[in-house]
Amino acid sequence: MDKVFDSPAAAIHDVFDGATIMFGGFVSAGSPTNLILALYEKETKDLTGIANNIGLGDKLDVLCEKKQLRKMIASFAIRASAKRQSLFEQLYAKGEVELELVPQGTLAERIRAGGAGIPAFYTPTGVGTVVAEGKRVECFDGREYILERALTADFAFIRAHKADHHGNLIYRRASRNFNEIMATAARVTIAEVEEIVEPGELDPEAIVTPAVYVDRIVKAPAYDVRWFN
Amino acid sequence: MTSAGLTRELIALRVARELRDGMVVNLGIGLPTLVANFLPEDATIVLHAENGILGYGGIVTDEAEFDQDLINAGGQPVTLAPGASFFDSATSFAMIRGGHVDVTVLGGLQVSAQGDLANWAVAGRGGGAIGGAMDLAAGAKRVIVAMEHTTRDGEPRILEQCTYPLTAQRCVDLIVTNLAVIEVTGQGLALREVAPGVSADEVRAAPAARLIIEDVKVVDL
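Here the protein sequences come in this chain order: A and B.
First residue of the first sequence: 1, per this note's numbering; consecutive thereafter.
First residue of the second sequence: 1001, per this note's numbering; consecutive thereafter.
In case anyone wonders, no lab produced these hints; they're calculated from the structure.
Any given hint could be a false lead.
Derived list of chain B stretches under chain A, where covered just means 3 residues or more per stretch with a C-beta under 8 Å from a C-beta of chain A [as the list claims (entries may be wrong)]:
1. 1068-1075
2. 1128-1140
3. 1166-1175
So the derived label-pair ranges between C-beta atoms look like this [claimed, not checked]:
4. B:Thr1185 x A:Arg143: 14 to 22 Å
5. B:Val1060 x A:Phe16: 37 to 45 Å
6. A:Val130 x B:Ile1213: 48 to 56 Å
7. A:Glu201 x B:Asp1220: 55 to 63 Å
8. A:Asp6 x B:Asp1042: 51 to 59 Å
9. A:Lys66 x B:Ser1199: 58 to 66 Å
All of these numbers come straight from a predicted model, not from anything done at the bench.
Beta carbons are placed, not taken as given, at the ideal position from N, Cα and C, and that holds for glycine.
For reference, chain B alone in the conformation it holds in the complex:
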């Protein structure tokens, strides 16, 4: 198991640094939901939940405040931000497919050198849960994947080709892991930042895809 580098919270914090005032942002289930805890304080970030909310606030942790009709797409109870609106699922996905969502942060199982994403089906588990991931990956203007650099067994998640069923082809713009920040470019995967205490050589050793390594910074926390 990879425990080196950034914690899940710090991965979320680093992702939040990508967000700017006025952006409409959809956070996927799992690690990406943590990004809501690190939004820049001097900016208005509008959170979109694909089940039909534009402008939700934080996650409700007090059981007494639970309202079953006010949840995000992960089923978690949420609060509303001032200026929020409600709508149906077809309208919600028209926003996504129509290019009205600026950034989506998705969890990942695998990302390929071309930016293909696999994040919905695990080998050996029947059925599956596509949810909104395929629409978000195909429709959002920018796709950021937040995930652990390797699997619990140490297998690489960043590969020349994905081996799990794809969510979408050539959709990922940026990968943020516990070890590194990697940009998907036309020339391939470019290592931009490494976690404190992690060397570029260690990051290069972990993925099974070639990395472009030049002018690498340490993640600024």
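If we strip away everything but chain A, and leave its shape as in the complex, we get:
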């Protein structure tokens, strides 16, 4: 069993037009930028992207250059400052890309549920707001909750610090964020990592993502990502 691929391009070779892709990372932390740039080169179209943010210095925004995204499901889709618009904001303003805006905790839990075989769950987040529109509301112990559906995807692009050849992963600092849960929720999970080691070299006590969730690994150096660059 060896899940290692030679390049980001090889690791994403079968990503198809119309696919749904989860992208891990939170602004600059743990962004799978090498895989995103390979997707940009591949020019795959009509994609549905699921990510915490787009256009906050992350390289996901480049997918808007060639209009590869049909829809984004995200919690941050505009810049905090209105001074300069992201490419995504420009396309959104022209009606050329769809957006489903989701509270961050609900987004994380929808992905966690998707990976855990839970089709839907009730949450207090969003009750009485636009997020609740069209959703079932139920009262438990005197408090209202809304029903949210799980999310799954064809592919998850994630970034970890180290992998072994089986696909066990460890992360660096605050880079777990959405990577860890997205790894569980896609049909094919592709991890770019700083370093690949032999099975047995990672401490089993320290493994964060067990190998069962990881299908492909590619070694790629961390891409320099800055807030608002």
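Got chain A sorted already, so can you dock chain B onto it with the hints?
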């Protein structure tokens, strides 16, 4: 533009006075991040960042120390406090929704007389950025809103009903502005403190919501 009363730093200082030893506190983006500069020195306050850190320290200002994997939820590089831990986003929001965060300090665009909060969408700006605000407002044990008393154009931010899209209903416990400290009570908004040099009548004139005014103190700085 309202320039009277407390500066942004002094608003943050006043908010920090609400924090006690051992509290787990989440600071929202913008003005609330300044609260980290005024934490009580004789207490351990554990700062939670919803992107997956419990126990971050200060904001890093030296560009040479920038580590792109060590940021808070506002994307700012941070240091770690002793005893810090890392976790994924689902775990982070389980902490928030599960009632394990004692206080969240959020920025605000509008707060209603019932404590409804609007802080994520501005009219005329498409898309939006909900981020973690809806989860924090719904899940934290105590919600403090730190904001300017009025908009740049002098429009009130404290209203009988919010006109912007809501973040959460009936969630706000305390409002700290440049002019006043206002508590959301079962009877309505109660003016507790005014900024030095600001009278209760001036504060009463600014919001478009009724204020309960009795036993008002001057903010102690």
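Results for each hint:
no.	hint	in the structure
1	1068-1075	holds (count 7)
2	1128-1140	holds (count 10)
3	1166-1175	holds (count 4)
4	B:Thr1185 x A:Arg143: 14 to 22 Å	holds, 20 Å
5	B:Val1060 x A:Phe16: 37 to 45 Å	holds, 42 Å
6	A:Val130 x B:Ile1213: 48 to 56 Å	violated, 34 Å
7	A:Glu201 x B:Asp1220: 55 to 63 Å	holds, 58 Å
8	A:Asp6 x B:Asp1042: 51 to 59 Å	holds, 57 Å
9	A:Lys66 x B:Ser1199: 58 to 66 Å	holds, 60 Å
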